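Now for the letters of each chain:
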Amino acid sequence: MAIRADEIPVSRGRPRGTARVSGWLDRERILGPVFVTPALLLLLLLVAYPFVMAVYFSLSNAFIGRPSEFIGIRNFVRLWDSDAFRQTFQNAFVFTGVAVFFKIVMGITLALLLNEQLWFKRMIRGAVLLPWVIPTALSTLGWWWMFNSLYSVVNWTGIAIGLMDPPGPNWLGQRYYAMAAVITVNIWRGLPFFAISILAALVAIPKELYEAAEADGANANARFWHITLPLLKPVLAVVVLFSTIFTFSDFNIVYVLTRGGPINSTHLFATLSRVLGIDTGRIGEGAAVSLYLFPLLVFVVWAQLRFVRKQAY
Amino acid sequence: MAVAKRPLLSKTMRHLALLPFLVFALFPFYHMTLTSLKQDKELYDRHAVPLIIRQAPTLEHYSKLIWETEFLTWTKNSLLVTILATTASVAIGTVAAYALARLKFFGVSTFGTGIFVTYLVPTTLLFLPLAQVVNWVGLGDSKWALVLTYPTFLVPFCTWLLMGYFRTVPKEVEECAMVDGATRIQALWRIVLPIAVPGLVCATLFAFTLSWNEFIYALTFTSSSDQITASVGVTSELIRGDIYYWGELMAGAILGSVPIVILYVFFLDYYVSGLTAGAIK
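Read top to bottom, the protein sequences are chains A and B.
Numbering-wise (our numbering), the first sequence opens with residue 1 and increments by one.
Numbering-wise (our numbering), the second sequence opens with residue 1001 and increments by one.
Isolated chain B (complex conformation):
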């Protein structure tokens, strides 16, 4: 009995030690959710307890956000930009990664290093000159500017991640197919890509998440309220002068995170493996 009890005790202690970390990680989300559900009366009562909802919760902030602001347009913009940029980047990244992992040609190692270097270049270093480029090509204040520029950080990322996956596919499988008469492209399409599906899923998920979360390009290259993304809309359009609509702000922050949270719940293990496969911002 005593032997069985001790591990249980230490297991409990471990969970207790984890508790502060869990509170730290989750409390902001809890508090945001509460705020978004509180009536204004309770929200702005300085004597009310902020940690719980005492009065009847309300969806008023959500309905105001959806019907009285352009939140739906911002979300549509985010979706459009994210889907297009992700698709293009995964496609471009896949072929580049395959070439880097498998083929021998002039300049392959230089290009590999180049990909790695651009993978490390932070977006905050390039937003000023890119703003000029965007204006020159006539995409100033347009969501298409984001479709054009997001691949600059997504392609190096996808290429780097997929290179690792392609290296794990044994060369022999592919060579077998080619001995049997398949061309290299057929071997890639029918043999290598199906084996690399987990890598492709991972790259797609991360590309989707990175572009959904992107902020500085979206903030700098777009400004009209029919062109901006959800992150920019919620952070800049919901604050009028000195008046902050905290309920709507929190509702917007929560709804703007929903697509990512849905993906996250379904693909948690991919997120973990992607994080550990290669360092990711």
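The shape of chain A in the complex, shown without the other chains:
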């Protein structure tokens, strides 16, 4: 669909002053910076500057409503010595590791199923994606009710089909169960992202590869391991890196479901950071907690940049 240049309405004969301004704006070296200035200012003032502040806070004894002093890395050391922080550190890795693992395995399975001939394909795709678009804080309220100690529908069903002994676990009140609950909700909310991204990669695999392999006598299993999985690798890598950052820095699910309890057993960096920085006013320590996220962020950004560069250029 070619657009012919002579069909494009162009106003001619502008007044002189405007002509000079737009003449200037026609130069890439001028228009470029003009176009990126709003975004640049925003990112400098509201991302870069706060980030530098966070680093300063973490190195100070900042406390709400009190002038702060520089105290070096004492916050980081003190955190490392505290049980609550160590527990959080461990939780973050368990939470992220388990959740991302299940999202990968279930995501691949779901994508393979969605890639087949289906009835109501659009509706099924829509249903599968739904958990990911609904506000997480609100949908987590639904899960909170499902895990309620007295009226849990999960326990009711478990007991009804003979999986659990009455009264069933107190999901949010016992440590390992609480962790299982927050991980389940995270998988629920993050699975669509994996499934849809992997599905897009599956659709792009040429059918001829499978036909050739089938002609050579490869069974479904062999075709999956030798064709599908290797070709999915680049997409999987990007999706896993991405999801790792956002699972690691999750806040909403834990905040709504357990507030980090019972006894810190489900705290993540973001929720502990909020408790310290906002609820108890120790901004310095709060900032130090959230900065423990930073090394991971640097690694993921580095890895992503390598991938993005490779794919884009």
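Keep in mind the hints are simulated off the structure, nothing from the lab.
Just so you know, not all the hints are guaranteed correct.
As the list claims (entries may be wrong) - Calculated pairs, DSSO-like style, for lysine-lysine (alpha carbon to alpha carbon, straight line, at most 27 Å):
1. A:K121 with A:K207
2. B:K1011 with A:K121
3. B:K1064 with B:K1076
4. A:K207 with B:K1011
5. A:K233 with A:K207
6. B:K1104 with B:K1171
What the hints assert, rightly or not - Reference listing, derived: stretches of chain A covered by chain B, where coverage requires no fewer than 3 residues with Cβ under 8 Å from a Cβ of chain B:
7. 49-59
8. 120-128
9. 148-154
10. 188-202
11. 249-262
12. 277-288
13. 295-307
Please read these numbers as outputs of a predicted model, since none were measured by experiment.
The C-beta atom is built at its ideal place from N, Cα and C for all residues, glycine as well.
Following the hints, complete the assembly by docking chain B onto the known chain A.
Relative to the frame of chain A, chain B by itself:
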């Protein structure tokens, strides 16, 4: 006959295999809806079957939520913040993305990398210092603080998404217009933007969804019940002391999701394409 039957059988099997995934994805919504429609009598009866409604369903929880709480104010706040932040971010993101995708100027690749890096910075890393910034500019406990801060994650996102779209518009179309005397801005406005409309729709939808769903900034920067958004209002104001009004809570969670669900039903394909175009949180 036998040949026709076998694919049908395997097709049925595939649907059966999908069933657990569908139940997992949809059951929470089903259960929330039921809860919001049940009478309290049935809701708090421990011998009742929680999976169905036995007694007459009621809209009592919805009417209580709307008339006896400030739910409508929270929804209005959410709408205001979301519309303003989305509009500003799509506009800022569009020009930045165009410059990054098309123009050559000093620092273009550095800025492109900068956008990508901030796109990956989670909001939970910045909420503490941003709370101080918000107080300094005099917007503490105000929904305007959210209008100011939401673009910090929306602009990198919109820019990144739109850069991809602008790259797909052939350079020649634009050059043709310019040879014919259009300025670059006219070419952008009349030629490139109309072609990039699907990208703009996608960016707008996602920006709207992301800011409607935002929680930690809204929770941290606002607290008065006339300033908070729907997500914060429903999660914090509907719980008084140790008493949970589960019916109202579920009604609030459902109504608070309605704007997103409406968009979702109409623009499902954009959501799918946006998700796959670039990784999105």
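Checked hints:
Proposed proximity of K121 of chain A and K207 of chain A is supported: the alpha carbons are some 20 Å apart, at most 27 Å. At roughly 12 Å between alpha-carbon atoms, K1011 of chain B and K121 of chain A fall within 27 Å of each other, so this suggested pair holds. The suggested pairing of K1064 of chain B with K1076 of chain B holds, with an alpha-carbon distance near 18 Å, which does not exceed 27 Å. For the hint linking K207 of chain A to K1011 of chain B, the alpha-carbon distance of about 19 Å falls within 27 Å, and the restraint holds.
A distance of roughly 18 Å separates the Cα atoms of K233 of chain A and K207 of chain A; the hinted pair therefore holds under the 27 Å criterion. Restraint check for K1104 of chain B and K1171 of chain B: the C-alpha separation of about 13 Å stays at or below 27 Å, so the hint holds. Only residues whose C-beta sits within less than 8 Å of a C-beta in chain B count toward coverage, and the segment 49-59 of chain A has 6 of them, enough to reach three; the restraint holds. Residue count for the segment 120-128 of chain A with a Cβ under 8 Å from a Cβ of chain B: 6. That meets the three needed, and the coverage hint holds.
With 4 residues having a beta carbon nearer than 8 Å to a beta carbon of chain B, the segment 148-154 of chain A meets the requirement of three or more and the stated coverage holds. Proximity of the segment 188-202 of chain A to chain B, defined as three or more residues with a beta carbon under 8 Å from a beta carbon of that chain, is established by the 8 residues found. Remark: the segment 249-262 of chain A is confirmed as covered by chain B, as 6 of its residues place a Cβ nearer than 8 Å to a Cβ of that chain, reaching the required three. Restraint check on the segment 277-288 of chain A versus chain B: 5 residues with Cβ-Cβ distances below 8 Å, three needed, restraint holds.
Figure legend: the segment 295-307 of chain A, annotated as covered by chain B; annotation consistent (5 residues with Cβ-Cβ distances under 8 Å, at least 3 required).
Checked against the numbered hints above, the structure violates none of them.
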